[in-house]
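We have chain A; now place chains B, C and D onto it with these hints.
4 protein chains.
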Amino acid sequence: MKAVRVHDYHKPPLVDEVPEPTLTGPLDVIVKIGGAGVCRTDLHILEGQWAEAMNPELPYTIGHENAGWVHAIGEGVTNVAVGDTVILHPQPSCGLCLACRRGTDMQCTGDAFFPGLSNNDGGMAEYLRTSARACVKLDPATNPADVAALADAGITAYHAVRKAVPLLYPGTAAVVQGAGGLGHIGIQCLAALTATKIIVVDRNPEALELAKEIGADETVVADGSHIEAVKDLTGGNGGTVVFDFVAEQGAEYDAWQMTAPAGHDFIIGYGGEFRAPTLDFVGGEKNVIGNIVGTYNDLAELMVLAQAGKVTLHTRQYALEDAVQALDDLDHGRVRGRAILVP
Amino acid sequence: MKAVRVHDYHKPPLVDEVPEPTLTGPLDVIVKIGGAGVCRTDLHILEGQWAEAMNPELPYTIGHENAGWVHAIGEGVTNVAVGDTVILHPQPSCGLCLACRRGTDMQCTGDAFFPGLSNNDGGMAEYLRTSARACVKLDPATNPADVAALADAGITAYHAVRKAVPLLYPGTAAVVQGAGGLGHIGIQCLAALTATKIIVVDRNPEALELAKEIGADETVVADGSHIEAVKDLTGGNGGTVVFDFVAEQGAEYDAWQMTAPAGHDFIIGYGGEFRAPTLDFVGGEKNVIGNIVGTYNDLAELMVLAQAGKVTLHTRQYALEDAVQALDDLDHGRVRGRAILVP
Amino acid sequence: MKAVRVHDYHKPPLVDEVPEPTLTGPLDVIVKIGGAGVCRTDLHILEGQWAEAMNPELPYTIGHENAGWVHAIGEGVTNVAVGDTVILHPQPSCGLCLACRRGTDMQCTGDAFFPGLSNNDGGMAEYLRTSARACVKLDPATNPADVAALADAGITAYHAVRKAVPLLYPGTAAVVQGAGGLGHIGIQCLAALTATKIIVVDRNPEALELAKEIGADETVVADGSHIEAVKDLTGGNGGTVVFDFVAEQGAEYDAWQMTAPAGHDFIIGYGGEFRAPTLDFVGGEKNVIGNIVGTYNDLAELMVLAQAGKVTLHTRQYALEDAVQALDDLDHGRVRGRAILVP
Amino acid sequence: MKAVRVHDYHKPPLVDEVPEPTLTGPLDVIVKIGGAGVCRTDLHILEGQWAEAMNPELPYTIGHENAGWVHAIGEGVTNVAVGDTVILHPQPSCGLCLACRRGTDMQCTGDAFFPGLSNNDGGMAEYLRTSARACVKLDPATNPADVAALADAGITAYHAVRKAVPLLYPGTAAVVQGAGGLGHIGIQCLAALTATKIIVVDRNPEALELAKEIGADETVVADGSHIEAVKDLTGGNGGTVVFDFVAEQGAEYDAWQMTAPAGHDFIIGYGGEFRAPTLDFVGGEKNVIGNIVGTYNDLAELMVLAQAGKVTLHTRQYALEDAVQALDDLDHGRVRGRAILVP
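Chains as they are written, first to last, in this note's numbering: chain A, 5 to 347; chain B, 5 to 347; chain C, 5 to 347; chain D, 5 to 347.
Just chain A, same shape as in the assembly:
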């Protein structure tokens, strides 16, 4: 089969002919890929930024936003059958540690892995080996290519919003910093799950235009006056919750400044450094909340929203063979929404 493999960091990947994956354990599932999202993390992988942390043996196949159809299952698999349409949680987890048993899969302390990022082949290929614990069954009518990007970008935005729901009752304000791929999903999730006032901050007026169409109540151009603008829109307080999808290049300070007393600054993006006097935490009783991808159930719930039309994605499809082009388009800002490889 064809697979998009990294051979050397700082070089484009190659589309190789490789053997199809096979079942190796009782909970294994082989999925025929219907769509594989192209993510900024893939660019970071190619730049070698994840080499040390993940240490994959080269060459290996990338692709961690996957959906498709079940092709083969191990003898212990009871939740999906051959032929089922599925979207895949990016991190199959062990299912037996206390974190998995509590429902916090991403904190799995067992043998979790992350195909396409850890030392396991990913989904930019015709077939992928994953585990039963990663498979969320979909309406058979779903086109995997339409939803694949929800497997990582979507679940991450949903997870953060879901955690914030109890904080965002009527009369509160949510600030979304960064109206890119994740931000757009976050806005739709906020509109679907709360009646909070949604304020979106971004440098790009076009992104703000789209934000308005999908649920933003107010938009603010990040032009240096945005902290004041957000305070003006919130009676001087700032956001009850600030979702920082950027979290680098100074945005992380802005997010904290835009957070109301007793409010919560949700960090979802990364790259920068958070700094604040400890007095800020005491005087204002303000909080910083970490966020990592989402749980299996988060993905299942997000798919309910997606199949009800409450969260939609703008996508552009590429043939699997055109993976290098898709990565290049992403790198040069030529993709609106999400690029999806279709084998």
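It is worth saying that the hints were derived from the structure and are not from the lab.
Hints are supplied without guarantee of correctness; some may be wrong.
Any copy will do: because identical chains look the same in the list, a pair fits if it lies in one copy or spans two.
Here are the computed lysine-lysine pairs in the DSS-like style, where the Cα-Cα straight-line distance is at most 27 Å [as the list claims (entries may be wrong)]: (1) K235 to K314; (2) K314 to K141; (3) K235 to K141; (4) K216 to K314.
Frame of chain A; chains B, C and D shown alone:
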């Protein structure tokens, strides 16, 4: 091996010679039993009360409170190894449905089973087949016979108390109705996990005496004046939470009467019928909370308390061959604490 | 001024000429009434059903759903000023007991009162005496007559829905039993605050028609087959939360039958008797949740929804002098939505 | 009466003869002081550190940890009567804003004040003017001097622990960094409210000795190897919750390093700067939680613990006239526990 099997309802079980269980699936675990608790539910099984609901094929082996040592494991088992000391959650769950993924195992909608109660052999035997998902690993020094009863009676009491912890801050009062096996564990859990005022109600002054030793702040004899007595001890309000370990023969009405405005009546026992005007729920904003056994993590947490000496059990050991005697002793009120069969 | 006063139970009230109320304490507020809702509870008062519980001295003025403009304030009042447009929480609370300090006003153990129901004159009059703690300030452009009914019917429905929000994530189902005044507000609140599937059950097909327009995903005629119909719409489970706005004449049993395992039956209506085997609470881990009116903050939050157009009320205005006609119309089912008296 | 007043920053206060305070509003309460705690914040006030933020008119009376007996009450006061023994919440709040109505007094957006810190005379005097909303009624047998320090140091430690209770189930670990006045109260609260493993970190071996006596399960000397030591005691993870009572001079970095994945770093002390890569929040889903004093109900609950003997304070009494000596002793580390001025 030897096994205590039900051949006919309304007759004592027989201690039969049967083949040892073998591995049948990748997550199977065979446990060499070190101790099997004898529970009132076993008496109900013998009386045929569970026949219709569970429909087990006779003869079958009873025993659902089990601890021992891992004897053999299926190929997919990663959380325990042969030789490990383990206590067993009574209901192995599928691990793949949304309820399991959320951490609410007892609501498993997959292929959960309940050895010794459903159509599966239980632990009053030398060996038991269960699943990796039921095994909680213990300190190797633990004697399984000392803790086996925590597998069902213990987890049930712990689960209810654990759910109530956020309600039981200082200044509140918890009423424990029924100071038997479950009640005694509940009292110890309340003392370990909260600083609430613990009021214990029982007909038996001896049980109340023991209750005082293990954490009760106040005790009340259930002699007809107990509702008034509880109100007097709570400034006229009643309990913030009432744990009803009886829930039959009128105790279920008493529990509701002893529940404070905006309070919670936790039903844990069963057998009776709850009745109240709907106005009671509106005028007082009172609640009734259901409780079923507990989750895998509840059992793991309870074992932390047990191994720290914060929850202890009074037990009396019987040889496996003396199972009928143990059941008879239980039925005639001759067991203080919990009877444990040791193969 | 004019006031609608009960002189004798089982007789229509009279519209009397009485002195205007005056300030009697430092937190008192006199409100010029702009609208007073006519509620089924007013009919019950006239029938003497509240006589024993509340024991008001006759004659007294009824009316507990009030909005208007601040006319005079006591020396300790800091949250409103003369001229402010306000809606009034129905139960002024003491502000000093632990329940008030916790934010659960309705559980006030101090000197709370309920004008129009307890021994205090209500709002079917030109002026009403209440407390600073009852006043929620509104946009000055609001017409009090448009929102008055939210003060009691609205807050009650909102309070129940607000408590249920954490239970109603995507993939769950909420069942609304009773699509009358409270139910219609409840449906709108559910649509605004959650992405759950909203299933509405009522005997009246017309009420269901309206339910669909304001947010119901599914409607079910309560014709005897409705429990099965709800199960069919929920994969055989029933509602994750059932909001029982009826809770009498058998509806209270239906609500419990329609509640899913591990689900919550919210009782909001009253009049009937709840009955269930205690085993139901144990086997299914099901819960019954009481609900009483709502807190001050609930009302403030509901007004945010109302002023954003997310919750609207169908009302029919009557002159204060026509109070008897309005009560009679309500009693004979001639009012669609809510009757409002306007002085 | 006598009062300890700041006349100039950077100079010792003077014990002046001043007029007794009088009632000025309907919710005012005059308290005869029975004990006033001497706090490190008083030293900071004298150094002028709070001058800009609080801007009090000099001279003014300090003292914000107060208990005593009610001497006079305004006409709107219903919760205390003349002669009652009371401890005083340090920040009387308005009771009418949404924060007060929600139970989060410290976020009061009305006319809250902080006697002894804001521009209002404090309690190092014979009498103090405060508000009904600050008064927590005590058992008349209580000696105010024994509990006064709980009014600020105590409530602050309790508030943080109370918020963390749901996170600290059996099997978790709580790290207390800083075993001084607040830390000691925090340890006792943790022991009373949870069954978590309590690990205390401090530079001072004597403080650790005391920590063991009052509930610490493990103690670690902060000698540079303490981060590793904490990890060793927690299976390599770190604390589920870290209570940082220091939060300056590098301790704030240690606290973060000692926080487990998905854990919470509670900042209670202040003076330093928190810094961490945003990736830390994402990779580990770790959180930083702010904490400010506590609510009125926190103080009421803490007094339940204190009156049950579950939280005790080591105090050393000084005559009011010896205030300068007491401040000097505190400044030079000569006070073990808390210095209390007794008029």
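Status of the hints after comparison with the structure:
1. K235 to K314: Answer is between: at 24 Å across copies they meet the 27 Å cutoff, but 29 Å inside does not.
2. K314 to K141: Intra 18 Å, inter 34 Å, cutoff 27 Å: intra-copy only.
3. K235 to K141: between (43 Å within a copy, 22 Å between copies)
4. K216 to K314: both (15 Å within a copy, 18 Å between copies)
Of the numbered hints listed earlier, not one is contradicted by the structure.
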